[in-house]
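**Q** Residue-level listing of the chains:
2 protein chains.
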Amino acid sequence: MKFILTNTDTESGARAGIIETAHGRIDTPVFMPVGTAGSVKAIHQRELADDIGAQIILGNTYHLYLRPGQDIISEVGGLHKFNGWDKPILSDSGGYQVYSLAESRKITNEGVTFRSHIDGSGHHFTPEGVIDIQRKIGADIIMAFDECTPYPCTYNYARTSMELTHAWLKKCCERMDETDGYYDYDQALFPIVQGSTFKDLRTKSAEIIASFEREGNAIGGLSVGEPVDEMYEMTELVCQLLPSDKPRYLMGVGTPENILECIALGIDMFDCVMPTRNGRNGMVFTSEGIINIRNEIWKNDFSPIDESLGGYVSTFYSKAYLRHLVMSKEILGAQIASIHNLTFYLWLVKKSREKIIAGQFAIWKNRMVKKLSNKLK
Amino acid sequence: MKFILTNTDTESGARAGIIETAHGRIDTPVFMPVGTAGSVKAIHQRELADDIGAQIILGNTYHLYLRPGQDIISEVGGLHKFNGWDKPILSDSGGYQVYSLAESRKITNEGVTFRSHIDGSGHHFTPEGVIDIQRKIGADIIMAFDECTPYPCTYNYARTSMELTHAWLKKCCERMDETDGYYDYDQALFPIVQGSTFKDLRTKSAEIIASFEREGNAIGGLSVGEPVDEMYEMTELVCQLLPSDKPRYLMGVGTPENILECIALGIDMFDCVMPTRNGRNGMVFTSEGIINIRNEIWKNDFSPIDESLGGYVSTFYSKAYLRHLVMSKEILGAQIASIHNLTFYLWLVKKSREKIIAGQFAIWKNRMVKKLSNKLK
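Chains as they are written, first to last, in this note's numbering: chain A, 118 to 494; chain B, 118 to 494.
One or more of the hints may lead you astray.
What the hints assert, rightly or not - Below, in silico cross-link-like pairs of lysine-lysine (DSBU-like), each with a Cα-Cα straight-line distance of 35 Å or less:
no., chain 1, residue 1, chain 2, residue 2
1, B, Lys472, A, Lys204
2, B, Lys468, B, Lys488
3, A, Lys446, A, Lys119
4, A, Lys494, B, Lys204
5, B, Lys287, A, Lys468
6, B, Lys119, B, Lys446
7, B, Lys321, A, Lys198
8, B, Lys158, A, Lys198
9, A, Lys198, B, Lys416
10, A, Lys494, B, Lys158
11, A, Lys492, A, Lys316
12, A, Lys204, B, Lys488
13, B, Lys494, A, Lys446
14, A, Lys492, B, Lys158
15, A, Lys198, B, Lys468
16, A, Lys467, A, Lys488
17, A, Lys223, B, Lys119
18, A, Lys223, B, Lys158
19, A, Lys198, B, Lys446
Said to hold, decoys possible - Here are a few chain A residues that sit away from chain B, every Cβ distance over 12 Å (derived from the structure):
no., residue
20, Phe120
21, Pro185
22, Arg276
23, Glu447
Read the hints as simulated data drawn from the structure, not as lab findings.
Here the structure is a predicted model, which means the values were calculated and not measured.
Here a beta-carbon is modelled for each residue, glycine too, at the ideal position from N, C-alpha and C.
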């Protein structure tokens with residue numbers, strides 16, 4: 118994997134760059150649609166590529182390990198071959214899923230014992246094992262196994278957890294370095310900064326993570342319920358400590374506003390289930406603001422969902438029709454909202470990139486943040 | 118509406134023809150995907166047109182009347198404008214839905230009082246009212262309001278019900294003839310033959326229905342639980358009595374095998390939820406037979422769903438990936454199975470048409486019926 122930083126904004130921390138992977142090039146800043154179980158929910162692979170313009174998608178180690186299982190995925194030659202997505206893939210390590218399973222998991226220094234959400238069966242993840250699974254998944258970018266701390270948590274919990282994440286990272290790196298790509302291409306490992314919302318812990322974690330000198334670095338444990346200002350403060354602090362010649366990935370963030378603000382702080386990569394999950398529930402992001410499509414005001418608004426965005430879904434279907442589908446629990450409603458929202462998110466980061474390159478990012482960002490947080494009913 | 122009968126098979130009752138409507142031409146035999154609430158479930162409009170090759174879709178008066186309501190649909194200029202499907206549409210009259218609502222409806226000579234399945238609110242359908250609603254829906258083909266008899270039912274019930282359907286038909290025709298298309302195009306009315314599985318009732322009903330001399334004729338009250346041989350017997354009987362210069366529509370049928378057999382009996386038009394509903398549950402129709410994709414045997418079968426069928430969905434996605442999606446309850450699984458199954462159904466009637474025109478239908482049909490009823494696990 119190679120990262121080329123091509124542009125740096127003079128008025129903010131925003132950057133534009135290019136990541137080159139075995140499965141193709143990624144222009145940054147980038148938003149990565151989440152394909153938890155090997156499918157970005159309600160969206161065909163050709164729609165991801167052609168309509169949404171996705172450059173890279175996520176897969177989740179936890180979900181894919183449980184179903185279909187690493188044997189099936191390795192037998193066909195990796196996740197790219199299994200789901201037919203031949204552009205870059207990033208695999209989440211399962212750290213976040215383990216955090217979500219709070220009730221049914223036990224963490225030790227060696228790893229995590231947990232119960233499957235599907236059938237209650239018992240499983241054990243170790244840092245080394247998670248690397249092995251991701252080798253088999255064949256993701257272009259592999260995430261280190263970490264513990265994502267809940268918010269709020271005590272200083273002591275956050276420190277102990279962070280130290281565990283660092284200890285696990287060492288094991289992940291060793292396993293990465295002593296193994297080759299499971300298929301005939303290279304895979305990169307990104308470590309994850311933790312430390313909750315404590316400045317000194319985040320500082321320490323960022324320094325340690327940077328010292329591993331992997332191909333990119335991620336920030337985890339944010340967007341888990343903390344006030345947005347604390348999220349920005351931690352992101353800013355960590356971005357200043359992580360090397361500028363490597364991509365910075367802020368995990369699980371966020372609203373369109375969050376994304377613009379964090380691009381300004383120096384983030385290059387984002388993922389979030391919000392455009393798809395909230396879309397399925399009727400929240401529609403447009404270039405004029407946020408729509409709750411269930412609101413009666415849209416019942417006879419026959420204008421396209423977002424004409425200015427272009428693309429089949431956003432210009433072909435009307436707000437009234439989408440509202441009808443969502444109210445009627447028609448699957449097509451979930452499909453339209455998901456494609457539209459992702460099209461919007463990808464448009465937003467593409468536009469950001471253009472503005473960074475043109476040296477106009479800061480002013481544009483401030484105007485857009487105001488517009489995009491506008492609730493249109 | 119105009120029907121041109123172009124070819125008649127010498128060895129069976131099979132026919133090929135062309136229906137011309139205000140929204141375009143339909144080659145028969147035809148299969149019509151069901152778009153109950155204004156959407157063929159899990160399928161985009163462009164997929165219906167481009168991938169599946171649908172020539173006409175259904176909408177349901179009962180569902181559309183309840184949601185979004187006739188006011189919304191008429192305000193935008195009809196269902197074609199509302200859902201963006203600009204090819205022909207046929208609207209079911211609600212007779213079948215009323216039959217399905219057995220617990221919460223009351224039938225009188227004047228019409229049906231029923232409770233909404235959505236909110237329990239009370240509503241009243243009359244033959245005249247149902248024509249008015251379908252005028253507003255703007256379907257190219259409107260169905261008469263009928264009572265669909267359950268199976269089994271007594272001779273007396275079937276006779277009384279049939280007479281009610283005939284009395285309602287008279288009212289439907291009068292309302293059709295005293296009104297114009299609600300928009301700037303013509304709409305055709307199809308009456309429906311009833312009579313359960315009693316030969317004399319079916320004979321009488323077919324004769325009466327034919328005597329109304331509408332633009333096409335339908336057969337209802339079949340595929341409701343009766344043995345398949347009785348369905349074929351009634352269909353054959355009725356086809357011989359309905360005029361040959363008008364399209365014959367067999368409502369709600371059926372399996373690929375049923376469709377081939379009924380084409381051989383003289384049916385031109387079909388609709389059924391089976392390809393989409395059963396697809397969502399993992400039943401996959403292929404040119405080699407029927408697959409239960411949930412079966413473990415497919416878990417590492419990485420071959421395309423049905424290469425010989427052509428088309429994106431059937432050739433791009435593998436059986437193993439589709440199985441994974443269906444087992445994981447991923448929406449994309451429902452999407453893929455629905456598109457694939459409808460592609461198969463449309464392929465089947467298109468192939469039938471080609472064989473009829475080439476004078477090779479009977480032999481081909483017998484071979485295909487054997488192949489298609491083959492359960493491949």
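**Q** With reference to the structure, classify each hint as holding or not holding.
**A** Hints, verified against the model:
1. The suggested pairing of Lys472(B) with Lys204(A) is violated, with an alpha-carbon distance near 42 Å, which exceeds 35 Å.
2. With a C-alpha separation of about 15 Å, the suggested pair Lys468(B) and Lys488(B) falls inside the 35 Å cut-off, and the hint holds.
3. Under the criterion of a C-alpha separation no larger than 35 Å, the hint pairing Lys446(A) with Lys119(A) is inconsistent with the structure, at around 44 Å.
4. Under the criterion of a C-alpha separation no larger than 35 Å, the hint pairing Lys494(A) with Lys204(B) is consistent with the structure, at around 34 Å.
5. With a C-alpha separation of about 62 Å, the suggested pairing of Lys287(B) with Lys468(A) is violated against the 35 Å cut-off.
6. Under the criterion of a C-alpha separation no larger than 35 Å, the hint pairing Lys119(B) with Lys446(B) is inconsistent with the structure, at around 44 Å.
7. Using a Cα cut-off of 35 Å, the hinted pair Lys321(B) and Lys198(A) is violated, with the two alpha carbons roughly 60 Å apart.
8. Proximity of Lys158(B) to Lys198(A) is assessed by CA-CA distance (about 28 Å); at most 35 Å being required, the pair is judged to hold.
9. For the hint linking Lys198(A) to Lys416(B), the alpha-carbon distance of about 14 Å falls within 35 Å, and the restraint holds.
10. This hinted pair checks out: Lys494(A) and Lys158(B) have alpha carbons roughly 27 Å apart, not beyond 35 Å.
11. Taking the CA atoms of Lys492(A) and Lys316(A), the gap is about 33 Å. The hint holds against a cut of 35 Å.
12. The hinted pair formed by Lys204(A) and Lys488(B) fails the criterion: a straight-line CA distance of about 38 Å is larger than 35 Å.
13. Proximity of Lys494(B) to Lys446(A) is assessed by CA-CA distance (about 32 Å); at most 35 Å being required, the pair is judged to hold.
14. Restraint check for Lys492(A) and Lys158(B): satisfied, since their Cα atoms lie roughly 30 Å apart, inside the 35 Å limit.
15. For the hint pairing Lys198(A) with Lys468(B), the CA-to-CA distance comes to about 32 Å; that is within 35 Å, so the pair holds.
16. For the proposed pair Lys467(A) and Lys488(A), the alpha carbon gap of about 17 Å is at most 35 Å, so the pair holds.
17. In summary, the hint linking Lys223(A) to Lys119(B) is not supported, as the alpha carbons are separated by about 71 Å, beyond the 35 Å threshold.
18. Annotation: proposed proximity of Lys223(A) to Lys158(B) is violated, straight-line Cα distance about 42 Å (limit 35 Å).
19. A threshold of 35 Å between alpha carbons decides the hint, and for Lys198(A) with Lys446(B) the separation of about 21 Å falls inside it, so the pair holds.
20. Listed as a non-interface residue, Phe120(A) keeps its Cβ farther than 12 Å from every Cβ of chain B; the least gap is roughly 31 Å.
21. Residue-level check failed: Pro185(A) sits 4 Å from the nearest beta carbon of chain B, not beyond 12 Å.
22. For Arg276(A), the requirement that its beta carbon stay farther than 12 Å from each beta carbon of chain B is met, with the minimum near 37 Å.
23. Its closest Cβ contact with chain B, about 5 Å, brings Glu447(A) to no more than 12 Å, contrary to its assignment away from the interface.
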